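Trainee: Quick mapping for you: the protein sequence lines, in order, are chains H and U.
Going by the UniProt record's numbering, the first residue of the first sequence is number 1, and it counts up by one from there.
Going by the UniProt record's numbering, the first residue of the second sequence is number 1, and it counts up by one from there.
I should point out that these hints are in silico values taken from the structure, not numbers from a laboratory.
Hints may be right or wrong, so weigh each one.
[As the list claims (entries may be wrong)] Taking beta-carbon pairs under 10 Å as the criterion, some of the chain H residues facing chain U (in silico):
hint	residue
1	D2
2	L66
3	I69
4	V307
5	S323
[Stated by the list, open to error] Here are the simulated lysine to aspartate or glutamate pairs, EDC-like style, with alpha carbons at most 20 Å apart:
hint	chain 1	residue 1	chain 2	residue 2
6	U	K392	H	D313
7	U	K312	U	E385
8	U	K392	H	E289
These figures come from a predicted structure and were not determined experimentally.
Just so you know, even glycine gets a beta-carbon here, dropped at the ideal spot from N, CA and C.
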Amino acid sequence: MDFSLSKEQEMLRQSVQKCLQNQGGIEIARSYMDGEPQRLKKTYGELVQLGVTSVNIPEAYGGVGLSNIDLVPVFEETGRVLLPGTLRETVAFATPLIARYGSAEQKEELLSGIANGQMTFALAVVETNGSYQLGDIEGTARRQGDVIHLDAVKTVVHGGMDATAFLVPVRSDDASSDGDSLNGDSSNGDSSNDDSSKGGSSNGDHEGITWLWVERDHDGVTVEPLQSFDATLGLAKVTFSSVQLDEQHVIGKWGNGLEMCEDCVQDLHAAVSAEMIGAMEHVLDSVTEYAKTRVQFGQPIGRFQAVKHRIVDRRLELETAKSLVYYANWAVASGSSDKTAAVYSARSYATEAFIRAASDNIQLHGGIGFTWEMDCHLYLKRARALENYLGSVQDFEEQTASALGW
Amino acid sequence: MDFSLTSAEREFQHALRDWLEQNLPAGWKGSRSLPKTDPERTQFLRDWQRRLYDGGWAGVAWPKEYGGRGATLLEEVIYQEEMVRVKAPPVINIIGIGMIGPTLIQIGTEAQKRRYVHKILSGEEIWCQGYSEPGAGSDLAAIQTHAVKQGDKWIINGQKVWTSYAHIADRCFLLARTDRSGAKHDGMTAFLIDMHQPGVETRPIHQMSDHYDFNEIFFTDAVAYEEDIVGEVGEGWKVAVTLLMHERVGVARQVFSLQRDFNDLVGFSKTLTRQGVRLVENPVVKKRLVDYYARSRGALLTYYRHLTQTMKTGHPGVEGSMDKLLCSELGKDMLGYAVSLQGAHSPLWHEDAYVNSSWQDGYLESLGLTIAGGTTEIQKNVVAERVLGLPKDIKH
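Please build the complete structure, drawing on both the sequences and the hints.
Mentor: Take a look at the structure:
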């Protein structure tokens with residue numbers, strides 16, 4: 001038994017950490033917020049040089065052939081500096097989605113694009129109704145001869161301002177007819193998903209979801225920035241208006257998008273959770289440092305138990321979250337039978353622990369913690385923005401319960 | 001990252017499982033209840049330890065030359081896991097086997113090893129540990145019990161408290177003050193005291209759980225001899241720390257008990273209903289159970305991460321304080337919830353308990369586990385100061 005990251009995994013952490021520090025650490029996010037994305041672009045290029053975007057691409061397609069457990073230290077480090085952009089969606093969602101479900105041509109083209117940094121992806125999932133449920137999707141894809149017509153309005157697209165392409169789940173018509181029936185063929189047994197994650201959610205509304213990928217500069221695609229209290233996320237509203245696509249833009253089987261999503265979104269949530277523990281660790285390191293140096297009543301405030309015990313409480317939550325997140329990534333990588341419960345319980349726990357840590361960080365810094373100049377608020381805002389990224393805590397808890405058979 | 005066991009570890013596990021299958025006390029698997037009163041209770045536990053000893057399962061971590069199995073760290077963890085899994089009776093000489101025996105093997109004199117070590121393992125002599133005093137709980141170095149040299153004897157006076165098993169112990173590992181002139185951490189000495197002498201009186205403490213595991217011990221001109229001193233005179237604090245270092249698997253037992261309690265709680269919530277709906281399906285209950293799932297798994301996995309570090313460095317680190325905090329606080333929370341779920345029946349106890357008394361008993365016991373072995377508040381200081389490097393509390 002060995003529950004620790006390997007030497008190689010820790011070495012990758014070292015190089016990513018060094019790379020991010022060379023680019024200014026948190027200044028990457030700061031300058032991005034100030035409307036200067038160049039530093040982020042440069043950083044992304046450096047990370048590509050380090051091989052970060054190739055780690056989990058199969059060897060057959062020029063990657064390193066490792067799994068998401070090997071990416072844990074990467075995401076911990078990007079989380080630590082609140083790296084903006086599309087690395088997470090590209091590496092932890094697009095790569096597994098394409099590697100598992102893409103056609104040979106897509107794997108060739110898209111995965112090599114990801115590996116060399118030319119292609120980055122954002123997830124255009126949420127629609128104006130705000131629902132995370134793919135069953136609530138209203139955007140449509142219709143086949144007409146060889147052409148697929150895409151019409152959809154997607155909002156709160158993380159990294160939408162930066163991605164070169166979008167992954168878009170839409171309601172697709174029945175491929176076998178040209179009518180407007182939304183009922184997909186429920187008997188298409190192509191699912192490789194034998195996990196218990198479906199948890200009673202499979203009803204007719206979920207049929208007929210198809211994943212498309214669309215270049216940002218494709219005709220009919222409009223990207224508009226959205227204002228957010230977390231300006232590091234590059235949130236966008238993306239409108240697909242009469243976009244015409246060829247078959248090459250369909251990922252996986254027509255109408256089979258729900259299962260693909262349930263599968264790959266676990267990789268993504270495992271990665272989000274890893275970012276959260278990296279960010280949380282930074283927050284706790286800085287508040288600990290502050291408590292050692294800030295003097296009031298003639299002594300460092302970290303001597304007061306009201307302060308030190310609060311820091312310890314958050315530290316214990318970090319320890320717990322880290323254990324759950326490492327294990328969740330291991331479970332996904334190894335296909336362990338408890339992976340769904342492991343991922344979603346890690347996601348909900350880490351989410352709430354991160355919020356508490358970021359919030360207490362402000363409190364324990366006192367007045368200075370409430371200022372724009374200090375980084376404290378950036379972490380709280382990230383914690384709150386990720387809280388409801390592709391699911392709420394309640395959703396994650398329900399998914400955990402359902403996976404446990406409750 | 002690898003959660004598998006080696007073939008040697010699996011063999012160890014299977015050998016223990018087979019042995020337990022054959023050797024758990026008759027009737028234990030059904031009721032799992034100890035005789036309520038002494039001397040039957042003590043006899044039952046002495047017999048159990050003797051059986052463990054005869055089977056070679058009393059001191060798995062002890063060196064082979066002292067009758068142990070020389071188990072690796074992970075084997076010792078497996079041992080605890082299996083014992084919790086089958087809800088084996090407690091080991092009556094746990095303090096002797098877990099800490100005092102290994103300490104004597106490490107730093108005791110040859111005579112002390114010959115005289116005591118074997119009887120600790122066999123359970124012929126039960127040991128207790130005389131540390132806490134009425135005025136020295138969390139602040140252990142404030143002990144006042146003192147030993148004064150008179151000729152070839154040391155005369156001991158003072159009082160100890162919260163001493164587990166003292167009422168049945170044959171000997172006590174005692175920390176006493178032998179010099180008041182210096183700093184309080186200096187001037188202490190560790191003695192091995194005969195409990196069966198006129199100057200030693202024990203009084204059981206009636207605990208809130210209605211048990212009597214703890215005692216007060218009163219020393220009135222009790223006697224120890226030169227050969228009863230462990231380490232050097234005045235080196236008692238160092239010896240006390242050495243003793244604690246032998247808790248090398250830390251809270252293994254508690255962490256596995258947590259997993260078992262969590263699984264039992266889920267099972268329990270499937271049997272209870274409210275307005276015709278099983279509690280496990282009630283959204284409010286379900287949310288709470290998911291939280292316990294994450295936290296109990298989190299405590300176990302955190303324990304494994306720390307264990308990995310211990311295996312790599314060869315000695316337990318201060319991270320054990322985090323494990324202790326996580327387990328004891330979560331246990332109290334979760335067991336309290338198990339009682340609470342019983343609704344109107346929740347205060348019923350003993351023979352009148354709603355299902356059986358184990359939830360109520362476990363909950364009431366859990367209130368002691370955040371105090372014993374270093375309170376939650378002390379553990380937080382330890383983590384703050386020794387893990388995070390925050391300034392030390394003001395101490396006198």
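Trainee: Which hint numbers does the structure go against, in order from smallest to largest?
Mentor: 2, 7
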